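Asker: Keeping their order, the protein sequence lines are chains A and B.
For the first sequence, position 55 matches number 55 in my numbering, and the numbering has no gaps at all.
For the second sequence, position 177 matches number 177 in my numbering, and the numbering has no gaps at all.
Please keep in mind that the hints were generated in silico from the structure rather than gathered at the bench.
Just so you know, these numbers come straight off a predicted model, no measurement behind them.
Any given hint could be a false lead.
To be verified - Capping the alpha-carbon separation at 25 angstroms, the derived lysine-lysine pairs in BS3-like fashion look like this: (1) B:Lys80 x A:Lys279; (2) B:Lys76 x A:Lys279; (3) B:Lys136 x B:Lys114; (4) A:Lys4 x B:Lys80; (5) B:Lys114 x B:Lys132; (6) B:Lys114 x A:Lys4; (7) B:Lys114 x B:Lys80; (8) B:Lys76 x A:Lys4.
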Amino acid sequence: MAVKDHLRTLRLAAWLGWQIESNWARPLIFLTYSFIRPIAATLILVIMYLIVKQDVASEPALFSYVYLGATFYMFVSSVVFGITYVIHADREHYQTLRNIYISPISLYVYLIGRATGKVLLAALAVIISLTFGILVLGLPFDLLLVDWPLFLLTMVLGLACLIALGLALAGISLLTAKHSTSINEGVGGLVYLLCGAVFPITVLPAWGQAIGLTIPVTYWLELVRRSLYPGEGIELLGGLQDFTDGTILLFLLVSTVAFAALSLVLFRSADRVARQRGKLDMITTY
Amino acid sequence: MAPAIEVRSLSRVFSGRGNTLALDNVDLTVEEGELFGLLGPNGAGKTTLIKILCTLLLPSSGTASVLGHDVDADAKQIRKRINMVSGGEISGYGLLTIRENLWMFTQFYGVPGKVARERIDSLLEAFGLQDKADAKLRTVSTGQRQKMNIIRGFATDPELIFLDEPTLGLDVSTSIAIRNYLREWVRERSGRTMLLTTHYMREAEELCDRVAIIDRGRIVAVDTPAGLKRRVGSGSSFLIETTPFDPEPMRSLPGMRGMTARPADGHMNIRMVLDDESVIADVISSIVSSGARVIGLSKNEPTLEDAFMHLVGRGLE
Chain A
1 MAVKDHLRTL
11 RLAAWLGWQI
21 ESNWARPLIF
31 LTYSFIRPIA
41 ATLILVIMYL
51 IVKQDVASEP
61 ALFSYVYLGA
71 TFYMFVSSVV
81 FGITYVIHAD
91 REHYQTLRNI
101 YISPISLYVY
111 LIGRATGKVL
121 LAALAVIISL
131 TFGILVLGLP
141 FDLLLVDWPL
151 FLLTMVLGLA
161 CLIALGLALA
171 GISLLTAKHS
181 TSINEGVGGL
191 VYLLCGAVFP
201 ITVLPAWGQA
211 IGLTIPVTYW
221 LELVRRSLYP
231 GEGIELLGGL
241 QDFTDGTILL
251 FLLVSTVAFA
261 ALSLVLFRSA
271 DRVARQRGKL
281 DMITTY
Chain B
1 MAPAIEVRSL
11 SRVFSGRGNT
21 LALDNVDLTV
31 EEGELFGLLG
41 PNGAGKTTLI
51 KILCTLLLPS
61 SGTASVLGHD
71 VDADAKQIRK
81 RINMVSGGEI
91 SGYGLLTIRE
101 NLWMFTQFYG
111 VPGKVARERI
121 DSLLEAFGLQ
131 DKADAKLRTV
141 STGQRQKMNI
151 IRGFATDPEL
161 IFLDEPTLGL
171 DVSTSIAIRN
181 YLREWVRERS
191 GRTMLLTTHY
201 MREAEELCDR
211 VAIIDRGRIV
221 AVDTPAGLKR
231 RVGSGSSFLI
241 ETTPFDPEPM
251 RSLPGMRGMT
261 ARPADGHMNI
271 RMVLDDESVI
281 ADVISSIVSS
291 GARVIGLSKN
301 EPTLEDAFMH
311 LVGRGLE
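All chains should be modelled from the sequences, with the hints used to inform the complete structure.
Answerer: Given below as structure tokens:
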């Protein structure tokens with residue numbers, strides 16, 4: 001299939017994704033929800049932090065570690081699980097999956113396009129959460145001290161990794177029915193636990209740390225913190241202090257490429273099995 | 001020239017709690033330009049066959065090719081040139097308008113924007129849906145959603161279209177309009193092929209150049225509607241109206257080919273195909289001995305329903 005066909009698919013799927021993500025309510029309700037949701041999500045963790053540490057000023061690096069991890073984890077929940085939910089929704093709710101499947105487009109590329117809307121919404125949520133953290137909670141931040149090239153490169157690789165992870169899970173969702181949401185929750189919990197989302201992986205047992213170091217999300221979150229935190233010391237918290245930014249970036253690149261390849265193989269295998277078993281148009285929950 | 005559809009020794013088994021044989025060693029050829037019907041009761045295997053042909057499902061064994069391409073190895077080649085619509089289909093994105101839904105699907109097939117817009121407008125008018133074109137799909141009726149899906153199938157101008165029970169659940173006037181459109185679509189476009197499944201005898205009889213009768217996963221017969229009716233033979237199709245009774249024991253009468261019994265207005269209408277008209281005497285004796293009364297008896301020209309009963313031994317219901 002020609003590149004222009006894939007680009008057209010990406011554009012159409014992104015348009016469709018944005019329509020679905022943004023048009024479910026009136027604009028005012030949508031905007032209100034968009035502001036409240038990320039703040040509510042991060043506040044839960046902030047309150048837990050305050051209960052333990054009493055204030056945020058005494059250990060700014062630690063607070064930034066927790067707050068930035070929790071904030072950027074929103075990309076994981078939104079993008080990774082959002083993509084898998086596309087399979088569930090298109091197959092059972094909109095009942096369009098079979099029509100899309102028998103059309104000449106690549107389902108894999110279509111799902112990447114649908115992820116675009118979720119990336120945009122997650123980015124909006126992250127910006128709101130960061131702004132709230134800086135203005136209300138005193139999160140240390142300085143626009144001039146942000147390592148923008150590192151941050152942007154990290155985000156590109158990190159999002160590619162999250163989309164690859166989402167596509168792998170989408171492949172599994174092709175073979176499952178309503179259980180796919182349980183799989184999402186399970187994988188989400190593991191990523192949260194093993195990748196240093198809110199606490200350093202050094203507190204995990206050796207086997208947990210070993211698994212965490214194979215998942216690109218660990219390196220992505222570490223680099224996000226290092227590139228955004230204005231002072232020094234945050235690199236000492238995550239358990240990766242022996243590695244330079246460049247080395248971690250290399251780890252992120254290699255693990256992302258490996259994840260993407262694995263995701264493609266897994267998705268294609270699942271696609272084949274789904275076609276063999278007649279799972280592409282099954283209706284189980286609606 | 002390769003046939004539009006060629007199926008050889010095709011079987012499909014669904015695994016689960018006990019295997020279900022949905023298609024059993026099916027052989028079928030549909031030529032380019034044909035309006036071909038698959039006629040069979042619910043669960044006969046019609047939809048399974050269509051799903052395999054439109055690359056949604058893989059066969060368990062045997063081969064199937066569509067427009068010269070194997071459904072397993074060359075699915076991508078097939079998908080560019082086909083489309084499918086299922087009867088009763090209400091799929092679509094409720095947050096988009098009817099026009100947006102249709103436009104998006106034409107773009108998946110790479111139809112140029114101007115051509116797509118003109119074709120969508122023309123189809124919306126043909127199906128009487130132009131007033132609803134800019135309504136969100138979630139706001140329209142089920143019948144209008146069904147119509148939109150039929151338009152979706154034709155908006156990509158496929159070389160081969162699969163229609164699985166296209167008029168299922170639609171009102172009479174809409175069904176007639178759709179049948180007229182289907183007939184014109186094939187006639188006006190040289191080389192376009194349509195595979196239509198239905199359990200409406202009249203639909204198959206009105207529309208199809210040839211009909212395959214499918215029952216329990218097997219193709220029982222393939223012929224023109226006239227050819228299938230000729231197999232029944234004249235003088236052996238009867239309609240008997242009786243007072244209510246249990247007609248089931250009559251199925252085992254010698255010379256009884258097939259029978260359907262439907263209650264109507266406190267009576268029973270029994271349609272039957274017999275080996276020859278002499279069998280009717282035994283049928284009437286059986287009715288009378290059951291305590292029922294014969295209200296009316298007529299001998300009919302064979303219909304496609306009679307042909308189905310003749311071949312399968314029962315009606316389509």
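Asker: Would the pair Lys76 (chain B) and Lys279 (chain A) pass a check requiring their Cα atoms to be no farther apart than 25 angstroms?
Answerer: Within the cut-off at roughly 19 angstroms; holds.
Asker: Are Lys114 (chain B) and Lys80 (chain B) close enough, with their CA atoms no more than 25 angstroms apart?
Answerer: holds, 19 angstroms
Asker: Between the alpha carbons of Lys76 (chain B) and Lys4 (chain A), is the straight-line distance 25 angstroms or under?
Answerer: Given that 25 angstroms is the threshold and the Cα spacing comes to 16 angstroms, the pair holds.
Asker: Run the distance test for Lys80 (chain B) versus Lys279 (chain A): straight-line Cα separation, threshold 25 angstroms.
Answerer: Within the cut-off at roughly 22 angstroms; holds.
Asker: Decide if the proposed pair is consistent with the structure: Lys136 (chain B) and Lys114 (chain B), CA atoms, cutoff 25 angstroms inclusive.
Answerer: holds, 22 angstroms
Asker: So if I understand the rule, the pair passes when the alpha-carbon distance is 25 angstroms or less; does Lys114 (chain B) with Lys132 (chain B) pass?
Answerer: holds, 20 angstroms
Asker: For a C-alpha distance cap of 25 angstroms, please report whether Lys114 (chain B) and Lys4 (chain A) respect it.
Answerer: Measuring from Cα to Cα gives roughly 18 angstroms; hence the hint holds.
Asker: Please verify whether Lys4 (chain A) and Lys80 (chain B) have alpha carbons no more than 25 angstroms apart.
Answerer: holds, 15 angstroms
Checked against the numbered hints given earlier, this structure breaks none of them.
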